[in-house]
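Colleague: Sequences listed follow chains U and W, in order.
Counting from 1, one number per residue, gives the positions in the first sequence under UniProt numbering.
Counting from 1, one number per residue, gives the positions in the second sequence under UniProt numbering.
Everything labelled a hint here was simulated from the structure, so no lab data went into it.
Even for Gly, the Cβ is constructed at its ideal location relative to N, Cα and C.
Certain hints may be false.
[Stated by the list, open to error] Restricting the straight-line Cα-Cα distance to at most 20 Å, the calculated cross-link-like pairs of lysine to any residue (SDA-like) are:
id, chain 1, residue 1, chain 2, residue 2
1, W, Lys139, W, Trp466
2, U, Lys36, W, Asp358
3, U, Lys56, W, Trp466
[Stated by the list, open to error] Which chain W residues face chain U? A few, computed with CB under 10 Å, are given here:
id, residue
4, Leu55
5, Ala59
6, Phe144
7, Ala176
8, Phe368
9, Pro393
10, Ala401
11, Lys433
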Amino acid sequence: MSDRILGVIGVALAAFYIWQATLIQESFMSDPVGPKTFPIIIGVILGLSSIYFIIKPDPEPQWASFGRTMEVLFAAAVLFGYAYALPIGGFVLTTAITAMFLSWRLGAGPVQAAIAGATISVGIYVLFGLVLGLSLARGPWGF
Amino acid sequence: MDALSSLADGFAVALTFQNLLLALLGCFLGTIFGALPGLGPSNGVAILIPLAFTLGLPATPALILLTSVYYGAMYGGRISSILLNIPGDEPALMTTLDGYPMAQQGKAGEALALSGIASFVGSFFATWGLVFLAPQLVKVALLFGPAEYFALFTLAFATLGGIASRNQAKAAFSAALGVGIAMIGVDAQTGVPRFAFGEVHLYDGIDFLVAIVGLFAVSEVFIFLEHRGEEAHAEGASKLVNRVTAPLSMLRKTAGTMGRSTVLGFLAGVLPGAGASLGSFIAYSVEKRVSDRKGTFGKGDPRGVAAPEAGNNAAAGGALVPMLALGVPGSGTTAVLLAMLLALNITPGPLLFQSNPDVVWGLIAALFIGNIILLIMNIPLVSLFVRVLLVPPKYLMPAVAMIAFVGVYGISGSTFDLVVMVLFGLSGWLLRKLDVPLVPVILGVLLGGQMEVNLRRELTISNGDWSALVDSWLSITLWGLAIVGFILPIIVGSFFRTNVGKGRSRESDDPD
Numbered sequence: 001m002s003d004r005i006l007g008v009i010g011v012a013l014a015a016f017y018i019w020q021a022t023l024i025q026e027s028f029m030s031d032p033v034g035p036k037t038f039p040i041i042i043g044v045i046l047g048l049s050s051i052y053f054i055i056k057p058d059p060e061p062q063w064a065s066f067g068r069t070m071e072v073l074f075a076a077a078v079l080f081g082y083a084y085a086l087p088i089g090g091f092v093l094t095t096a097i098t099a100m101f102l103s104w105r106l107g108a109g110p111v112q113a114a115i116a117g118a119t120i121s122v123g124i125y126v127l128f129g130l131v132l133g134l135s136l137a138r139g140p141w142g143f
Numbered sequence: 001m002d003a004l005s006s007l008a009d010g011f012a013v014a015l016t017f018q019n020l021l022l023a024l025l026g027c028f029l030g031t032i033f034g035a036l037p038g039l040g041p042s043n044g045v046a047i048l049i050p051l052a053f054t055l056g057l058p059a060t061p062a063l064i065l066l067t068s069v070y071y072g073a074m075y076g077g078r079i080s081s082i083l084l085n086i087p088g089d090e091p092a093l094m095t096t097l098d099g100y101p102m103a104q105q106g107k108a109g110e111a112l113a114l115s116g117i118a119s120f121v122g123s124f125f126a127t128w129g130l131v132f133l134a135p136q137l138v139k140v141a142l143l144f145g146p147a148e149y150f151a152l153f154t155l156a157f158a159t160l161g162g163i164a165s166r167n168q169a170k171a172a173f174s175a176a177l178g179v180g181i182a183m184i185g186v187d188a189q190t191g192v193p194r195f196a197f198g199e200v201h202l203y204d205g206i207d208f209l210v211a212i213v214g215l216f217a218v219s220e221v222f223i224f225l226e227h228r229g230e231e232a233h234a235e236g237a238s239k240l241v242n243r244v245t246a247p248l249s250m251l252r253k254t255a256g257t258m259g260r261s262t263v264l265g266f267l268a269g270v271l272p273g274a275g276a277s278l279g280s281f282i283a284y285s286v287e288k289r290v291s292d293r294k295g296t297f298g299k300g301d302p303r304g305v306a307a308p309e310a311g312n313n314a315a316a317g318g319a320l321v322p323m324l325a326l327g328v329p330g331s332g333t334t335a336v337l338l339a340m341l342l343a344l345n346i347t348p349g350p351l352l353f354q355s356n357p358d359v360v361w362g363l364i365a366a367l368f369i370g371n372i373i374l375l376i377m378n379i380p381l382v383s384l385f386v387r388v389l390l391v392p393p394k395y396l397m398p399a400v401a402m403i404a405f406v407g408v409y410g411i412s413g414s415t416f417d418l419v420v421m422v423l424f425g426l427s428g429w430l431l432r433k434l435d436v437p438l439v440p441v442i443l444g445v446l447l448g449g450q451m452e453v454n455l456r457r458e459l460t461i462s463n464g465d466w467s468a469l470v471d472s473w474l475s476i477t478l479w480g481l482a483i484v485g486f487i488l489p490i491i492v493g494s495f496f497r498t499n500v501g502k503g504r505s506r507e508s509d510d511p512d
């Protein structure tokens with residue numbers, strides 16, 4: 001069943017892709033192939049392989065339980081949030097919070113997780129920011 | 001000998017203080033990445049690429065660092081295979097079969113020493129193979145025109161699913177996905193935007209480094225979150241490691257094994273779509289067939305430890321041949337190394353040997369040096385790495401994720417890239433669940449653009465005549481190989497599947 005859903009999504013994606021490819025503006029000077037043809041070929045391959053999934057799906061994969069799937073999605077949400085907060089809150093603070101969260105969700109106790117988060121954040125800041133001179137996000141207080 | 005004098009020049013490049021230091025660092029990190037279950041050569045290298053890039057390392061030092069990581073991971077994988085019965089990375093899977101029984105019989109030290117020596121033999125001779133084979137392949141590749149390149153890229157995609165591929169449609173799907181992503185952005189030939197939906201960030205296309213780190217490193221974090229609490233405990237590791245030496249008689253007994261496995265592993269590495277995992281698998285199964293007369297394989301036979309380790313290290317060297325000579329990688333990790341080269345504006349392939357011989361030969365010389373460093377690190381100092389094994393994933397994976405963010409943020413300083421990276425991480429997690437291989441996606445993102453350029457160049461030359469794609473013997477041969485390579489796994493794949501499948505991990509893994 002999962003493969004069939006993948007197949008349906010794949011066909012939809014391929015159709016969308018090919019449709020978008022036909023909308024590409026041709027410029028007045030073009031090579032014989034043009035910017036549309038190759039994307040359309042790729043879209044066709046994407047569509048054909050997706051149709052194959054619908055006709056002949058593999059055995060059902062082992063999905064995570066509902067709780068664990070939510071866990072993964074929530075972690076992804078936190079990482080998205082981190083991406084947006086990074087330039088605002090600065091590297092050290094936001095990284096410490098994110099690393100703490102991940103460490104906690106991976107099974108560390110709250111105190112352990114807090115220590116791990118702070119250690120990872122400061123460790124990376126010192127190693128990559130101070131020693132190696134990488135540009136890390138600067139918050140209102142410069143780190 | 002042309003190759004030998006070039007190699008001597010290479011040593012002059014590699015033997016600078018900075019490059020030696022980077023080789024040392026790379027070997028050390030690589031062994032750790034290999035030893036830690038969950039981090040393998042491809043995600044280890046993937047995390048380091050943006051870092052090496054943002055640190056502004058020039059091409060040769062950056063490549064030395066990353067290939068040392070690659071070689072190091074091949075050594076490191078065996079440590080947890082032997083001590084914990086958990087392969088540290090996929091190529092080390094076969095090492096668990098005889099390595100762990102040896103450890104249970106109290107011979108962990110011998111097993112570690114023997115496998116270290118076998119790793120050394122495998123990669124040492126494979127690096128020699130690289131020295132002599134790569135220039136020969138370059139001679140052929142210099143005859144390639146755009147039509148041949150287009151066929152070669154098709155060959156790479158067709159065979160990337162690998163001989164053990166379970167579902168070729170999924171490999172094709174994944175490659176199309178990757179090439180499709182590569183099309184995003186302004187078309188280089190006509191200057192029109194494609195698939196950008198008016199979003200400014202998409203005009204430049206999607207940075208392949210972002211895709212790679214997302215697919216390989218971030219998705220690994222999600223896998224760990226999903227399987228929290230199920231991982232085997234590493235406590236058993238500290239008990240052993242008495243003296244790490246192998247008796248001379250054991251080495252003598254396994255010398256033939258190492259020789260055979262090195263040759264097989266190297267060949268498996270050179271072939272497209274195979275990589276180190278297949279190298280160790282073939283080496284072990286052939287060795288078992290050749291020399292298992294008393295049925296001792298699987299019960300702690302030293303030859304069963306030497307064979308896969310020599311095999312996977314030899315394959316790692318072999319896999320560099322097509323990557324360097326043709327610019328077409330055959331495995332996950334070499335695809336990631338290709339990304340490094342492209343990020344540095346170096347196009348691998350025949351011209352690399354002519355225009356930047358210092359890069360190629362410096363790299364090869366560094367591999368010889370790295371090998372010796374690794375031998376020293378992995379026998380007397382192995383207990384150091386055993387301690388690293390004890391770091392639980394709940395502290396390790398957050399650090400990995402954060403370093404991935406730092407690297408990608410360092411490239412562009414843009415939140416957009418980070419968001420795209422997490423999106424790739426999520427899709428990578430989903431695709432792995434669905435058994436869709438990730439390496440073709442990466443290769444598609446990397447090579448899709450060049451594939452299209454070659455197609456359009458050929459058709460411009462031929463004035464729009466598509467039959468120009470198959471009008472030389474070279475391109476017909478490449479097309480033929482592509483078709484055979486795509487169909488063959490459907491026929492013989494079941495043989496490999498039943499054998500490799502037994503120990504495969506829960507999610508699909510790609511050939512490293």
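Colleague: It remains to establish, for every hint, whether it holds in the given structure.
Modeller: Hint check:
{"no.": "1", "hint": "W:Lys139 - W:Trp466", "verdict": "violated (27 Å)"}
{"no.": "2", "hint": "U:Lys36 - W:Asp358", "verdict": "violated (40 Å)"}
{"no.": "3", "hint": "U:Lys56 - W:Trp466", "verdict": "violated (33 Å)"}
{"no.": "4", "hint": "Leu55", "verdict": "holds (6 Å)"}
{"no.": "5", "hint": "Ala59", "verdict": "violated (19 Å)"}
{"no.": "6", "hint": "Phe144", "verdict": "violated (19 Å)"}
{"no.": "7", "hint": "Ala176", "verdict": "holds (4 Å)"}
{"no.": "8", "hint": "Phe368", "verdict": "violated (27 Å)"}
{"no.": "9", "hint": "Pro393", "verdict": "holds (6 Å)"}
{"no.": "10", "hint": "Ala401", "verdict": "holds (6 Å)"}
{"no.": "11", "hint": "Lys433", "verdict": "holds (5 Å)"}
When the structure is compared with the earlier hints, violations turn up for hints 1, 2, 3, 5, 6 and 8 and for no others.
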